[in-house]
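K.L.:
Top to bottom, those sequences are chains A and B. If you read the first sequence in my numbering, its first letter stands for residue 617, the second for the next number, and so on. If you read the second sequence in my numbering, its first letter stands for residue 617, the second for the next number, and so on.
Keep in mind that a hint or two might mislead.
It does not matter which identical chain is meant; a pair holds if it fits inside one copy or across any two.
To be verified - Straight-line Cα separation of at most 30 Å, DSSO-like style, residue types lysine-lysine; simulated pairs: (1) Lys712 x Lys627; (2) Lys674 x Lys1005; (3) Lys833 x Lys971; (4) Lys959 x Lys712; (5) Lys748 x Lys989; (6) Lys1005 x Lys648; (7) Lys748 x Lys1005.
It is worth saying that the hints were derived from the structure and are not from the lab. All of these numbers come straight from a predicted model, not from anything done at the bench.
Protein chains: 2
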Amino acid sequence: MAIPVSPLAPKSYPDLPAIAGVRFATAEAGIKYKNRTDVLLMAFDEGTVAAGVVTKSKCSSAAVDWCKANLPGGVARGLVVNSGNANAFTGAKGQKSVELTADFAAKALGCAPSEIFLASTGVIGEPLDASKFAGVLDTMATRLVDTPWMDPAKAIMTTDTFPKLSGAIFDIDGTEVKINGIAKGSGMIAPDMATMLSFVVTDMPIAAPVLQALLAKHTQTSFNAITVDSDTSTSDTLLAFATGKADVDAIESLDDPRAETFGEALRDVLFDLAIQVVRDGEGATKQVSIHVEGAVDDASAFRIGKAIADSPLVKTAIAGEDANWGRVVMAVGKAGEPADRDKLAIRFGDLLVAKDGERAAVYDEAATSAYMKGEDLELTVSLGLGEGKATVYTCDLTHGYITINGDYRS
Amino acid sequence: MAIPVSPLAPKSYPDLPAIAGVRFATAEAGIKYKNRTDVLLMAFDEGTVAAGVVTKSKCSSAAVDWCKANLPGGVARGLVVNSGNANAFTGAKGQKSVELTADFAAKALGCAPSEIFLASTGVIGEPLDASKFAGVLDTMATRLVDTPWMDPAKAIMTTDTFPKLSGAIFDIDGTEVKINGIAKGSGMIAPDMATMLSFVVTDMPIAAPVLQALLAKHTQTSFNAITVDSDTSTSDTLLAFATGKADVDAIESLDDPRAETFGEALRDVLFDLAIQVVRDGEGATKQVSIHVEGAVDDASAFRIGKAIADSPLVKTAIAGEDANWGRVVMAVGKAGEPADRDKLAIRFGDLLVAKDGERAAVYDEAATSAYMKGEDLELTVSLGLGEGKATVYTCDLTHGYITINGDYRS
Chain A
617 MAIPVSPLAP KSYPDLPAIA GVRFATAEAG IKYKNRTDVL LMAFDEGTVA
667 AGVVTKSKCS SAAVDWCKAN LPGGVARGLV VNSGNANAFT GAKGQKSVEL
717 TADFAAKALG CAPSEIFLAS TGVIGEPLDA SKFAGVLDTM ATRLVDTPWM
767 DPAKAIMTTD TFPKLSGAIF DIDGTEVKIN GIAKGSGMIA PDMATMLSFV
817 VTDMPIAAPV LQALLAKHTQ TSFNAITVDS DTSTSDTLLA FATGKADVDA
867 IESLDDPRAE TFGEALRDVL FDLAIQVVRD GEGATKQVSI HVEGAVDDAS
917 AFRIGKAIAD SPLVKTAIAG EDANWGRVVM AVGKAGEPAD RDKLAIRFGD
967 LLVAKDGERA AVYDEAATSA YMKGEDLELT VSLGLGEGKA TVYTCDLTHG
1017 YITINGDYRS
Chain B
617 MAIPVSPLAP KSYPDLPAIA GVRFATAEAG IKYKNRTDVL LMAFDEGTVA
667 AGVVTKSKCS SAAVDWCKAN LPGGVARGLV VNSGNANAFT GAKGQKSVEL
717 TADFAAKALG CAPSEIFLAS TGVIGEPLDA SKFAGVLDTM ATRLVDTPWM
767 DPAKAIMTTD TFPKLSGAIF DIDGTEVKIN GIAKGSGMIA PDMATMLSFV
817 VTDMPIAAPV LQALLAKHTQ TSFNAITVDS DTSTSDTLLA FATGKADVDA
867 IESLDDPRAE TFGEALRDVL FDLAIQVVRD GEGATKQVSI HVEGAVDDAS
917 AFRIGKAIAD SPLVKTAIAG EDANWGRVVM AVGKAGEPAD RDKLAIRFGD
967 LLVAKDGERA AVYDEAATSA YMKGEDLELT VSLGLGEGKA TVYTCDLTHG
1017 YITINGDYRS
């Protein structure tokens, strides 16, 4: 089944620069896909620190369990990612498979297995034959390069229709510092976790706990604020690595004013990658930003935003370019959060469609319908109860989603 | 847009008998649909008691608010149902519209407006012009009949592709007692409320609080255990009316052993109607019963069942006849309920597919794939943690759902 490239794909891709302290190689291990790269090996110089956020699924994959065990160490020398098999729900076999993979990678890179991070996505429940990596990782370790970043972005794709890259270059103490990030994900995407997979690398010298804190903070408004289909993956993993090669003093504490500068650059990269995941949502033809304001608090606003973003009826109406704001009302109503029907206002873009619990007097069907034909839509729900606000990002629900997911495994 | 009749529609419809104390008429008021009945008037003899369960939506419709206000009275003389317009999120106009409709009906039937129950489904946010009912209800009151029940079942349909009827005849103290029920609903169907609309009438003499208690109890395992698309309607209403015309002593208390006999018959009718709603789920081609057992308690089992039943990835896999049990694992994992990956077992029908946190040794891909081609599927998830169990009923997610909902309003 050939899936067409998302109409929301970027017109061009950034040419990310090399980052001192990290090199990589990709290969075809033939795990599921033929004639495309499906393994990524990333090698970090000594002194690289790691931070990460993983899925909250109760059925997390073997690779996620491995990362959870190694993250407290905060030290990374290698990352192995495969696509085509999630190594999730594979029991003791899955655990052995990650141990074996980490051993192969550690030998190839000359480090301890606990310094290797792993991520796998693809089919759930199929045992992953780690012996396929044996020779492959050794060979990869002999041909590590520092560009182009397009290669790792492509090697981690599954149902993605385009590779996802983002970077930032900014100034710290007069020195140029860089962050490069890649991500994959298209379906089984819902907030309250990291995305399917994303890897971010910086040359900033920064203590692991500070990197972890900034990563966790900015995940909330990026990967945790997106949803494609309300389905939370078993494999979601977001890892950040800091090689420390930029020639500036390290950020040792969140109180260091440079933590904010670095954090903002990190946030921009995470947000850009998260939005790219939404724009490659399975079958997506429109990107929708759902703003909720006037809720009793931010958490309530977020849950209302997610109820709207996850509603199949709202998403199919958007796909049909139908200004069906009644379905937005329905989704607010079902969220179970404080809401007063008679204080509710809804805007599509700048167009007021509903106010004070009924259709707005200024409602203009022709203008609203014309707005719905756009590719990037903004829906704003004002609850009129308090100061709580949140934004959730999603895409529409189309025949493409059904086609892709009615025949993914076979 | 012509929607084909659901492939899961019944092969034949029951010919429900007359129930003493209730008569009805249907009419074409031209609210939205042309050339089909869209209003139902049901008239009850004096002495009829009422019970009801309505949506928990925070944006409930004006008709729902009206029913909520009148249910404590427990007395009914009339019911007016219209299809094509939900009169939801219509503000003060909506409230006036229900008051006016109840006034028209009360005059036509010679009773108090507070003895009239109302229900509306269809588009949300469009003001409902109650003046359309003025002459219509008067005329309807002059041509009330007691059969065929097919007529009211058809008048309340919106995107339904078949009318939904169910009845029970049983013995109480040697006297034949009857329950007739009708329902409508096809999309915007999710548990934790009543269904879109269902009306049940019995000739059993029974006190309103007893009827209410039995109705609430049996809603839990019928209408509250179904989901089509996880979207909870603004208009969900289930009303039960007891005319008391059967020649037996009234059930005045839940301690009366006959309450159990009556309750079981009521449960059967509610369950039959609820399953018919699932089988007419928008775009449905398969009905799926999701059994969860071994959860820490029944409520936890239900939430896990609902997470599976609401998962777009599980539903599209079922549509594609793909035995993708990995997606069932994913849905268990995202439910947020206690679950131990390594104790999980999954069966499709009688076929064991996963056990102890991995694919079962006896897993038979050919047999499982053959099972998926059936029209009625049973999925069982065993958590191995406790005694909690629940069943949730749903349908698959197909191109039909997208087609219907991408162009419903226009």
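K.L.:
At most 30 Å between C-alpha atoms: does Lys674 with Lys1005 qualify within a copy, between copies, both, or neither?
P.N.:
Intra 29 Å, inter 19 Å, cutoff 30 Å: intra and inter.
K.L.:
When Cα atoms must be at most 30 Å apart, do Lys1005 and Lys648 count as within-copy, between-copy, both, or neither?
P.N.:
Neither: 43 Å inside a chain and 37 Å across chains, both beyond 30 Å.
K.L.:
Can you tell me if Lys833 and Lys971 fall within 30 Å by alpha carbon in one copy, between copies, both or neither?
P.N.:
Neither. Shortest intra-copy (34 Å) and inter-copy (38 Å) distances fail the 30 Å Cα cut-off.
K.L.:
For Lys959 vs Lys712, is the C-alpha pair at or below 30 Å within one copy, between two copies, both, or neither?
P.N.:
between (57 Å within a copy, 18 Å between copies)
K.L.:
For Lys748 vs Lys1005, is the C-alpha pair at or below 30 Å within one copy, between two copies, both, or neither?
P.N.:
This pair counts as neither: shortest intra-copy Cα distance 48 Å, inter-copy 42 Å.
K.L.:
Should Lys748 paired with Lys989 be assigned to within, between, both, or neither, using CA atoms and 30 Å as the limit?
P.N.:
So Lys748 and Lys989 fail the 30 Å test inside a copy (48 Å) and across (34 Å) alike.
K.L.:
From the Cα coordinates, with 30 Å as the cut-off, is the pair Lys712 and Lys627 best called within, between, both, or neither?
P.N.:
Answer is neither: 42 Å inside a copy and 53 Å across each miss the 30 Å cutoff.
In this structure, the hints that do not hold are numbers 1, 3, 5, 6 and 7, in rising order.
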